[in-house]
Amino acid sequence: MNRSFDEFAFAVTKCMDRNEKRALLTAFKTPAGFFGRTDKTILGMDIIKKESLSILREEYGSRLMAERYREYFSDPLNGISFIYDEDFPVALRHIHNPPVALFVSGRLPDKKERLIAMVGARRCSGYGRLFSEKIGKELAENGFSVVSGMAMGIDGYSHRGALMAGGKTYAFLGSGTDICYPACNRDIYEQIPHSGALISEFPPGTGPLKQNFPDRNRLISGISESVLVIEARERSGSLITADLALDQGKDVYALPGRITDPLSAGTNRLIWQGAGMIRSSESLIMALKMEEEPLVSEELEQALSELNLEKDEMVVYSCFDFYAKSIDEVQKETGMTLLMLLRIVAALCCKGYLKEVFMNHYVRNIPV
Amino acid sequence: MLSQIRCGTIRGLTATMVTAEADVSDGLPVFDMVGSLSGEVKECRERVRTVLKAAGFPLPARHITVNLSPADIRKSGNGFDLPVALSVLAALGRMDPDRLSDVFVCGELRLSGEVLPVKGMLPMLLAARENGIKKCIIPVDNLQEARLVPDMEPIGVGSFAELLEYIDTGRVREYCPDKDSEAIVDDQADFGELHGQAIPRRACEIAAAGMHNLLMYGPPGAGKSMIARCLPSIMPPLSDDEKLELMKIYSICGKFRISYENIRRPFRSPHHTTTAVAMSGGGNSLNPGEITMAHNGVLFLDELPEFKREALEALRQPLEEGKINIVRNRYQEEYPADFLFVAAMNPCRCGYYPSERCTCSTPSIRHYLSKISEPLLDRFDLCVQTRRVEYGELMDKSNNESSERIRERVLRAHDIQRERYRDKPYTFNSQASSKMIEEYCRLTKATRECIGELFASEELTARGYYRILKVSRTIADLAGKKDVGQEHIAEAGFFRSLDRRFWEVVR
Chain A
1 MNRSFDEFAF AVTKCMDRNE KRALLTAFKT PAGFFGRTDK TILGMDIIKK ESLSILREEY
61 GSRLMAERYR EYFSDPLNGI SFIYDEDFPV ALRHIHNPPV ALFVSGRLPD KKERLIAMVG
121 ARRCSGYGRL FSEKIGKELA ENGFSVVSGM AMGIDGYSHR GALMAGGKTY AFLGSGTDIC
181 YPACNRDIYE QIPHSGALIS EFPPGTGPLK QNFPDRNRLI SGISESVLVI EARERSGSLI
241 TADLALDQGK DVYALPGRIT DPLSAGTNRL IWQGAGMIRS SESLIMALKM EEEPLVSEEL
301 EQALSELNLE KDEMVVYSCF DFYAKSIDEV QKETGMTLLM LLRIVAALCC KGYLKEVFMN
361 HYVRNIPV
Chain B
1001 MLSQIRCGTI RGLTATMVTA EADVSDGLPV FDMVGSLSGE VKECRERVRT VLKAAGFPLP
1061 ARHITVNLSP ADIRKSGNGF DLPVALSVLA ALGRMDPDRL SDVFVCGELR LSGEVLPVKG
1121 MLPMLLAARE NGIKKCIIPV DNLQEARLVP DMEPIGVGSF AELLEYIDTG RVREYCPDKD
1181 SEAIVDDQAD FGELHGQAIP RRACEIAAAG MHNLLMYGPP GAGKSMIARC LPSIMPPLSD
1241 DEKLELMKIY SICGKFRISY ENIRRPFRSP HHTTTAVAMS GGGNSLNPGE ITMAHNGVLF
1301 LDELPEFKRE ALEALRQPLE EGKINIVRNR YQEEYPADFL FVAAMNPCRC GYYPSERCTC
1361 STPSIRHYLS KISEPLLDRF DLCVQTRRVE YGELMDKSNN ESSERIRERV LRAHDIQRER
1421 YRDKPYTFNS QASSKMIEEY CRLTKATREC IGELFASEEL TARGYYRILK VSRTIADLAG
1481 KKDVGQEHIA EAGFFRSLDR RFWEVVR
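Read top to bottom, the protein sequences are chains A and B.
Count the first sequence with the working numbering and you get residues 1 to 368, in order.
Count the second sequence with the working numbering and you get residues 1001 to 1507, in order.
It should be emphasised that the hints constitute simulated quantities derived from the structure, not laboratory data.
As the structure is a prediction and not an experimental result, all values here were calculated from the model.
Be a bit skeptical, because a hint or two may be false.
[As the list claims (entries may be wrong)] Below, computed lysine-lysine pairings styled on BS3-like, alpha-carbon distance capped at 30 Å: (1) A:Lys-311 with B:Lys-1445; (2) B:Lys-1435 with B:Lys-1308; (3) B:Lys-1424 with B:Lys-1243; (4) A:Lys-351 with B:Lys-1397; (5) A:Lys-332 with B:Lys-1481; (6) A:Lys-355 with B:Lys-1371; (7) A:Lys-112 with A:Lys-14; (8) A:Lys-210 with B:Lys-1371; (9) A:Lys-332 with B:Lys-1397; (10) B:Lys-1445 with A:Lys-355; (11) B:Lys-1371 with B:Lys-1424.
[As the list claims (entries may be wrong)] A few chain A residues that don't get close to chain B, going by computed Cβ distances all over 10 Å: (12) Ala-66; (13) Asp-328; (14) Pro-367.
[Stated by the list, open to error] Simulated coverage check for chain A against chain B, where a stretch passes if three residues somewhere in it have a Cβ under 8 Å from a Cβ of chain B: (15) 332 to 343; (16) 353 to 364.
Every residue, glycine too, gets a C-beta built ideally from N, C-alpha and C.
Using the sequences and the hints, build the whole thing.
Rendered as structure tokens:
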């Protein structure tokens, strides 16, 4: 998918905002059509100012722009999709203030693909981590594609879940696609272009600026048919995305939590307001497939009884939670000797039922 | 006529003998002082002139030269007033030059003739004694220190007039020891006053038993500072050598009111704004730093991540070697700095990580810990979490074991270690070399397997492995066991040191 220099320069420039670019495209059809006109014709349309145009012309002729063009397309995975293009996601054409062009590293979703957005807290609990990974994985196994923002926490785990199942996943970034932010997600940043795409409205070289993220959020909810909120505090960014999704007419689902957990306060509120409740990953998938939901989910019950654990291990496992709990608290509860407890905990870690999240603090885990 | 008086100057924690010589001869009327002098020593000229005039010996209009020998050593300190005054007196013929040839003289003068105490008297007197001097004339306030020097007859003078009286008649005014200085309030915290906190208590016991550095973390108000203050109370009483070493340090710092009998294990808790120089020692006129003041005791750094990075990095060499070498452009000195390092910190800025009450963002948590470098984190053998005490624990005093009982166990563990390392240059498990500690632990096959089992899920580094062995050796010593058993390993594993990777789990 090679793009002309005109198109690249038009998409990259910061001399015009989104509205101006859109108006210009309506008037001149393509970037080539725009750059080919004389200044007089362009200014006659009264869309952009004279100063902007002269800066744009200067940029267009600069060596830097040529260099950026060559560099961006030196990676065969990179591409640009304009709003008038065939492969431009249809859903995004119809949102309020649609993007003019998307920078893509990888392949944009197919028309037939069903896209589900997953959003949530950056600092999530073991519970959120576990279920974002699990739901992401099961969505992918059932042929859905996971859309998220590649942020720390829920976003990253959702992508990982989908990648684990070999499914497609799309990450909308708040920076240029050439910048890996946050750095700790380097692993998925490198994998996603090969099974999905990194997508950004911002030209390459743009840093992860604070003001970019609300714009990015509207794309995540805009491209997807449903939005799942896994964990969110009250008044958090994830709730804003959920509100946005409702405005765009999307379905919103939320994972419930205990009323004492601050990280579930936001999702519980969403359910109270009428969002769909994620009672289990299978019921969610049935709902998404418009099938009858099973009345009772036996998923977790099964999981517990199916655990292949000794009696002592069971006792210790049941003391732990999806929130970090320390060894000495559990020792107080069980009354075991430290040696015995540490041994059981070590065994549980080996089997993958517990995970150490901090020195002597463990959370429950479900072995993958 | 030439006269000579013996005096001294401080270098680090030791003193060098200096001779004050004066000569009065014909020539331009000048009072000249030579011999590589620092500012305060040069000023001594004016004080001596005034005091001598007041005592009835106005300086004649002749050429007076005072030399402080040897000339290549820089003289600093406030103790040169008396020796210079006496050497000038002798040079003027007012006093027999041989009268004080075997006496050490030191003291500062005020214009009124009053004699003020001098910093670093104890090291100077010890140096004098080594040089065969058995008598000293010193300020009254320094008499306490003189009593620590064996075979030395101190003559305390309160004013220049008393000094003259002694020279003329040999009479000495009797000074009774200052009663105030004896009555030091016993402010040492005791574990008996601490409620609950069973696990941090145990960590302190192990730390004191094997001299393992301890890091405490926990939410605000969980008693971290209180626990640290209790630590000196479970360490063994100071030996005579340790006391003398401490007295020397106090002497240099000008703490004249601490008496030998009342000396305690130091507990230093510098504020987190402390600079690297204040921590390590140094400065314009060389001063011992906090680490030297904490010698033979506990150095407690509260809010560890708030400390300046340079101040923390300055601790690394002393933690390894038990001393610090300070090199500045004019001097190179060595101060002792052998202390138990105890630090406290919150796990994050709000203090509640990893519980769900924590409101910090991941970058903020990472930033908070990144202030402590990996090498410094490596110096902590033990790490423990403190918790807020619950109401039930406040009421239940049955578990509040007193420091005295804990100290007994610590002392036993020290005896075992002293016996084990009797032909080694070190005394404690924490100092043992990695190579040897495996041998001392006498691990059985089953215990070895247990280690593999307990730490299978972590990437245990070689350093981490030996640290766990050292701590388990101490735990076994506390229990009086010859071999390190599985339960000791397990406990050491529980107290294992904090690892940066715990902060990186969140992503």
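Structure-based check of all given hints:
At most 30 Å may separate the alpha-carbon atoms for a hinted pair to count; Lys-311 of chain A and Lys-1445 of chain B meet this at roughly 27 Å. Simply put, Lys-1435 of chain B and Lys-1308 of chain B have alpha-carbon atoms about 34 Å apart, too far for the 30 Å limit, and the pair is violated. For a cut-off of 30 Å, the pair hint linking Lys-1424 of chain B to Lys-1243 of chain B stands: about 23 Å separates their Cα positions. Straight-line distance between C-alpha atoms of Lys-351 of chain A and Lys-1397 of chain B comes to about 41 Å, which puts the hinted pair past the 30 Å bound.
Restraint check for Lys-332 of chain A and Lys-1481 of chain B: the C-alpha separation of about 26 Å stays at or below 30 Å, so the hint holds. Between Lys-355 of chain A and Lys-1371 of chain B, the direct Cα distance comes to roughly 26 Å. Compliance with the 30 Å bound is thereby established for this hinted pair. Proximity of Lys-112 of chain A to Lys-14 of chain A is assessed by CA-CA distance (about 33 Å); at most 30 Å being required, the pair is judged violated. Using a Cα cut-off of 30 Å, the hinted pair Lys-210 of chain A and Lys-1371 of chain B holds, with the two alpha carbons roughly 25 Å apart.
Simply put, Lys-332 of chain A and Lys-1397 of chain B have alpha-carbon atoms about 18 Å apart, close enough for the 30 Å limit, and the pair holds. Distance restraint check for Lys-1445 of chain B and Lys-355 of chain A: the Cα-Cα separation of roughly 28 Å lies within the 30 Å cut-off, and the hinted pair is therefore satisfied. Under the criterion of a C-alpha separation no larger than 30 Å, the hint pairing Lys-1371 of chain B with Lys-1424 of chain B is inconsistent with the structure, at around 36 Å. With a least CB separation of 37 Å from chain B, Ala-66 of chain A remains clear of the 10 Å interface cut-off, as annotated.
The non-interface label for Asp-328 of chain A is inconsistent with chain B: the shortest C-beta to C-beta separation is roughly 6 Å, within 10 Å. No beta-carbon of chain B comes within 10 Å of the beta-carbon of Pro-367 of chain A; the shortest separation is about 13 Å. Judged by the Cβ-Cβ criterion of 8 Å, the stretch 332 to 343 of chain A is covered by chain B as claimed, because 5 of its residues qualify and three suffice. Restraint check on the stretch 353 to 364 of chain A versus chain B: 6 residues with Cβ-Cβ distances below 8 Å, three needed, restraint holds.
Hint compliance for this structure: hints 2, 4, 7, 11 and 13 are not met, and every other hint is.
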